[in-house]
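The primary structure of each chain is shown beneath.
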Amino acid sequence: MIVDARQVEGDLSADICVVGAGAAGIAVVLQFLAGRQDVLLMEAGGEDDEAETQALYGGEVADEKLHAPPVNYRRRAFGGSTAIWGGRCMPFDPIDFAQRPWMPGPGWPIGIEDVMPFYPAANAICEAGDFAYTAQAAFPGGMRPLLKGFAGRHFSDDTLERFSCPTDFGKRYRARIAQSRHVRLVLHANVTELRTGVDGSFVESLAVQTLTGRAFTVRARRVVLAMGGLEVPRLLLASRDRHARGIGNAHDQVGRNYMCHIAGSLGEVHVAGDARDHWHSYQVADDGVYCRRRFALRAQAQARLGVGNFVTRLHHPRIPDPAHRTGALSALMLAKPLISYEYSKRLHGEAALSLDAWAGHVRNVLLDPVDTARFLLHFLARRTLAARKFPTVIVRPKNGVYTLDFHSEQEANPQSRVALVAARDALGMQRIRVDWRYTQGDIRTVRVAAEALAADMAESGCARLSFDPQTVEACALRDGAYGGHHIGTARMATTAAQGVVDAQCRVHGIRNLYVAGSAVFPTSGQANPTLTIVALAVRLAETLKKDVLF
Amino acid sequence: MTAAGGQVLVLGGDGFVGSAIVAALARSGEFQPVRGIRRARAGAVPFRLCDATDPGSVRRALDGVRYVVNAVFGGDATLRAATRAVCDAQAGLERVVHLSTMSVYGEVSGLVDERAVLAVDAGGYAGSKVACEAIVQTYVAGGGAAVILRPGVVMGAGGQQWAGRLCRLLRARRLGDLGEAGDGFCNLIDARDVGAATVAALRAPEAVGSAINLGTPGPPRWNEVLVRLGRAIGAVPVPRIGRRRLAMEARLAVPLHVGKLVATRCGLAVGTLPEPIPPALLRLFAQQIRLDAGRASAVLAFERTSVDVTLADCARWFLESTPK
Ligand SMILES: Cc1cc2nc3c(=O)[nH]c(=O)nc-3n(C[C@H](O)[C@H](O)[C@H](O)COP(=O)(O)OP(=O)(O)OC[C@H]3O[C@@H](n4cnc5c(N)ncnc54)[C@H](O)[C@@H]3O)c2cc1C
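Protein sequence lines, in the order shown, are assigned to chains A and B.
The numbering used here puts the first sequence at residues 1 to 550.
The numbering used here puts the second sequence at residues 1001 to 1324.
Isolated chain A (complex conformation):
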């Protein structure tokens, strides 16, 4: 059932109240569509974008070069940020859950075996096809090699990333929710405070407000916060009726250890052999899903080198520099004003482009009309108009020289944090300030991993990677923190001194409050977060179903 908070009369109650209808919240309620429990799904936004609602996400950043303003890279509407996500899916690796003495922080209090049973369901919900993340499993008939002859001591080229459509969870699962008698989705319902019971050990009610001035409360036996990794700490910190520092924050853990990913492009990869000997693009599996190989730093190598997790892909040259002489890339550069903030970020260079550079892009397009037209047609047919979209821009460099596009683990760092500031939003809720920090450990992971890949390529004789180690930090920070991955702000840990939620995602010290989403991840791994967010959400739903209270 779908209702609108602006028309709700009186207070609401339910067995379970889930706050936030993005990937996590929707994945939770999908498990209750035909169950015994009565579930409320409170969603701040409506079914489409609304500027006034989105503005409630506004906040400050310590350094805009390092991190995008919090109003960007997320979406406050039904479906949440899945309306704009890229759809890249992959599970966390076993090593992410292992104890790693060489990495800071306590790590995960659960093992991969606790999450693995829920990944296939997560894959289905994300519409990423089979849970098959190796070339052999996804393409039993064989998959094209990334680099023919590559055999890495440090890196494997056998693991895959798979792509969702990308599925907008709101649009995709609306009908299921609308017809359910057990789940009520309440739109335009902003939860602005959690109120705890007498001894502060449980959430008694939730304060809800609409932008039209209505206010009511919700009572539920169990509450799940699924508002994304920036909004979960915001609500916990803003709920101070019986917890002076905010709920779950007795040990100053809420909002700390904020991680994104360290990503960018670096170096030059000169590939031996002819064009048939390497393939950096996608291949479609029988289930219709786009899959792609990448180089993944093996677990043993991470341990031996004492670094975090790391993956990298062969990539076209940096777009803003017209020296690539590739019409398709220059056409993208020229189309920058038409591309959204989130997807045009990489088109910004360190400095504004000179007139000469713009002229260079125009020249590239004019001198390369056939390939440019072919690229644009492909883009139109396979991406703009397609129901399952060709995932990213894939262009073979004219000069045969690739760069490395890397996605690297960021380590837990208490100084990197999300906190409240005095400024308030239109509903009177304190806004956030994001002070994202990286460490030299993060940069070392990128540099050491790139050196290891260079060695692997040299030993295999199939390519040559060159890069200047001095430039790694600049490359890693050129676009700032990887956008849209908001990790670690209510991390899972065995004790309240080390984290915010326990192994069941329940807030330490609050017996009926749970968190779903990447806020609970104690480490960021190499993987984009959403598949694991959804897997943990399904796991949480199973925990709630077994709850003896019901």
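Calculated directly from the structure, the hints in this document are not laboratory data.
You may find that some hints are simply not true.
[Stated by the list, open to error] Stretch by stretch, here's where chain B covers chain A in the computed footprint (C-beta under 8 angstroms, at least three residues):
#, region
1, 63 to 76
2, 171 to 178
3, 383 to 394
[Claimed, not checked] Residues from chain A that face chain B, not an exhaustive set, calculated with beta carbons under 8 angstroms:
#, residue
4, A34
5, R181
6, D287
7, G288
8, Y343
These numbers come from a predicted model, not from an experiment.
No residue lacks a Cβ here, since even glycine has one placed at the ideal position from N, Cα and C.
Chain B with the ligand: place on chain A using the hints.
Relative to chain A, chain B with the ligand alone:
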């Protein structure tokens, strides 16, 4: 249990569902099926020629028969006439099993059991089947013994309406993973299970006078069925079909249908025209209806074929019977 079985006349016994029922009866050892068919067709099971829409013809075919299964398939007039012919025959029948359909529930969603109100205002096939059920209910009210079976999507090797059509459209890449448009439940039932359920309906005393849904408990969603069938027949990669494409298909359905009729009239090759995808079929793919299979399990207690086996059989049959 009723006393010994006996002869069972299966009207529409040469159709896809009818043949599955005839086969199940023959296997039962208890009942002797007789095919009630319009045109003579050889086969191991005996037949009686009978025009199901003609009351006299039906009455003659019922001579000496204790049970009737009405599995007639056709247009509105045919369906109604055949049902009336059976119910009005006054042949002292021990039991009638009437094959209805889940379509009688109309475009509802949620878990639907047999007490749900029927879509009395429905037009088309659903409307005809609702009217037929009313005839059977009148028969029951007058003291007749009848069981109404409401199967969902009857699939199996040889089934052109579902297995054949879906596989053809998958091969043509006109169906595939439909996203939210294919998120409805596929209340699939194997044709052999419809046969087994019919045998059970002839036996079980508590079935009499009621309607029973025939579907799979925990049915798959249409997307899952389509993707699995597509993969099984090698129509890979199975494409994602977007809303725009499906809307276009819905708009083309009527012109294609008319085109087919015209082409047939003019003696032209119909095969060259693409098969229409009726809007009703597209609506079914999205319909969030789950048939409650509880009563069938409790009262008829027949052994079910797994969805895996059904889909594998459909694919195998399609590959053998329909060369590329
Ligand atoms: C441009 C971009 C590209 C991305 N690409 C990828 C990718 O390729 N792969 C990947 O894994 N991830 C990707 N992501 C990240 C992905 O979108 C998120 O991981 C995912 O959406 C997080 O799910 P969530 O439910 O935790 O939060 P969200 O999806 O952000 O949902 C939170 C929901 O909570 C609601 N809400 C917030 N506050 C309140 C409140 N106070 N009261 C009620 N409701 C509230 C919001 O309106 C929203 O609906 C990308 C993100 C962006 C922005």
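A quick look at each hint next to the structure:
1. 63 to 76: The restraint on the region 63 to 76 of chain A is violated, since only 0 of its residues have a Cβ under 8 angstroms from chain B and three are required.
2. 171 to 178: holds (count 6)
3. 383 to 394: Three-residue rule met by the region 383 to 394 of chain A, so holds; n is 4.
4. A34: Holds - the Cβ of A34/A comes within 8 angstroms of chain B, reaching about 7 angstroms at its closest.
5. R181: Result: holds, 7 angstroms to nearest chain B Cβ.
6. D287: Holds: closest Cβ of chain B sits about 6 angstroms from D287/A, inside 8 angstroms.
7. G288: Holds. Min distance 5 angstroms.
8. Y343: 20 angstroms, violated
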